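Just so we're aligned, residue 1 is where the sequence shown starts under this note's numbering, counting upward by one.
Calculated from the structure, these hints are not laboratory results.
Hints may contain errors.
Stated by the list, open to error - FRET-style restraints, in silico, Cβ to Cβ:
1) 158 - 7: 28 to 36 Å
2) 59 - 11: 20 to 28 Å
3) 30 - 146: 17 to 25 Å
4) 80 - 33: 20 to 28 Å
5) 46 - 152: 28 to 36 Å
Fair warning: this is a prediction, and the values are worked out from it, not measured in the lab.
Built from N, CA and C at the ideal position, the CB exists for glycine as well.
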Amino acid sequence: MSAVTRLLECSDVQELTALFASNREFLRPWDPVRGDEFFTVAKQGELVRAALDAYEGGTMVPLAILNSDGDLAGRLNISGIVHGAFQSAVLGYWVSETENGAGLASAAVAEAIEYAGQQLGLHRIQAETLLDNVRSQKVLEKNGFIRYGLAPEYLNIAGRWQDHILFQRILEPAQ
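Start from the sequences, fold in the hints, and give me the full structure.
Here it is as structure tokens:
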């Protein structure tokens, strides 16, 4: 399979906004409560610019997930990048409802793992899922993540504080 991720670009804003809007109900159980402003080109433009600023600052890698036609099919972030003794980051991703089950999330996570280890020189990457997000758990486990804990009331998702399963993957050092 060819690469399914690339760095997010400002030129993606229009397509990203449409993708978020068309997946609003699909993503609702897995996301924080989002007001109507979130689904506007203006807000997405602001968020993309902030993500690219964080990329320039070395604290985040915002990636677009692409389908086989090269169209935007989701997003993946390597965020909270910390160097020094920790050498760790957090992984978050989503794939549109129409592309779910096509292997894009698994391929994107595999690419992010390689990038985090080889390009960023990180030792570890972590991810969290809601207890009932079995599909995402399978994506992580397929990519070598192990469950290492449960965080009660970890994130405010869908309007309430919800428990999350914690996953991590120890990365191969850059050669």
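Structure-based check of all given hints:
Roughly 29 Å separates the CB atoms of residue 158 and residue 7, a value that falls within the hinted 28 to 36 Å. With their beta carbons about 23 Å apart, residue 59 and residue 11 fall inside the hinted range of 20 to 28 Å. Range check, residue 30 to residue 146: Cβ separation about 21 Å, and the 17 to 25 Å hint holds. Residue 80 and residue 33 have their C-beta atoms about 22 Å apart, which keeps the hinted 20 to 28 Å range intact.
Between residue 46 and residue 152, the C-beta spacing of about 33 Å keeps the proposed range 28 to 36 Å intact.
When held up to the earlier numbered hints, the structure conflicts with none and fits them all.
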